[in-house]
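Given the coordinates of chain A, assemble chain B onto it according to the supplied hints.
Chains as they are written, first to last, in numbering that gives the first Met the number 0: chain A, 0 to 184; chain B, 0 to 162.
Everything labelled a hint here was simulated from the structure, so no lab data went into it.
Among the hints, erroneous ones may be present.
[Said to hold, decoys possible] So, partial list: chain B residues that the calculated Cβ filter (under 7 Å) puts toward chain A:
| hint | residue |
| --- | --- |
| 1 | THR1 |
| 2 | PHE154 |
| 3 | ILE157 |
| 4 | ARG159 |
Positions of the beta carbon are idealized from the N, C-alpha and C atoms, including for glycine.
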Amino acid sequence: MAIDVPENVVVSRLDELASWCRKNSLWPMPFATACCGIELMATGASKHDLARFGAEVMRFSPRQCDLMIVAGRVVMKMLPVLQRIWQQMHEPKWCISMGACASTGGVFDTYCVVQGIDRFIPVDMYVPGCPPRPEQLIQAIIDLQDKIQHEGTLDGAEFDTARRQQTKRALIELPIIGQSPQFTR
Amino acid sequence: MTDTVERLKERFGELEPSEFRGQTRIAVPRDLVFEVLSTLHADFGFDMLVDITCVDYLNFRDATDRFGMVYALAGTESGERLIVRTFLNEPDLHVPSVVPLWEGANWLEREVFDMFGIEFDGHPDLRRILMPEEFTAFPLRKDYPLQGRGERHNFPTITRGSA
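The shape of chain A in the complex, shown without the other chains (with noise of 0.2 Å):
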């Protein structure tokens, strides 16, 4: 049976509109607590304009944001507000891991820092680096944007765990210009 669908209609699923319209209107709570907090600063501003992503707009008040990105170390004092902070946003929310301090506690392997916040709030994106460069954070933010569009419901359901699970982009192999078959002239 077909349907006569009329000029610039498209048909969608909803799960794919919500998806749609998240990834691209993410807005990151900056929880920076180092060196990567500047990093962070510099994607936002003009040289780098994360705004073409359209995740330009930070807000300081966690009940405002959707994303959050943790530039720095966490110290055991830190940690509970951290925590506080993930469980006052709103869902759906996202966390990117910013930096090797973030993920692993890089070179401060002391008493006092948590070494990688993913043992205590759940992580999507990790970003290597020391201070990672603003490229970096954009591709992470590509990537979760990917990942929001592609697992994205409207009830919720990407968030079991099992699913979460799949291949990142920037761990696929991406094709280099005349090597790769389809790029060779």
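Same frame as chain A, but now just chain B:
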């Protein structure tokens, strides 16, 4: 500088002065330390307390005492600097507070208490300043492991389901 040390010696008897790279240090018995510091503050013009810190001499070669308190003083008019030291041993880790002499000693003594567990008698508000209040260890002591005793991992885990 030697003049200050000589005058101190006249008043308090045998203090042990020493010199290292241009810094003058005197070692004072614990019972005399408040008296010496208040004399330095009142009569010798050491109106500025630069720092209070502590050294743990556990397993240090030739060390006879466990903790060494360090008071770094300066006189803003004379430009003199003097380091006053006193040594403490477990279990009696008490030393008089110098907050009545220098108000700035308040947080410095709290930090030494936080990191080494030295009790400052007469301190107006002796509680932890850097570590969380429920922390029980004294992390800068040499018998405390560098990576802690698991305190840094002793937090609840928030998962997707629970938040």
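(message) Tell me the hint numbers this structure goes against, listed in increasing order.
(response) Of the numbered hints, just 1 does not hold.
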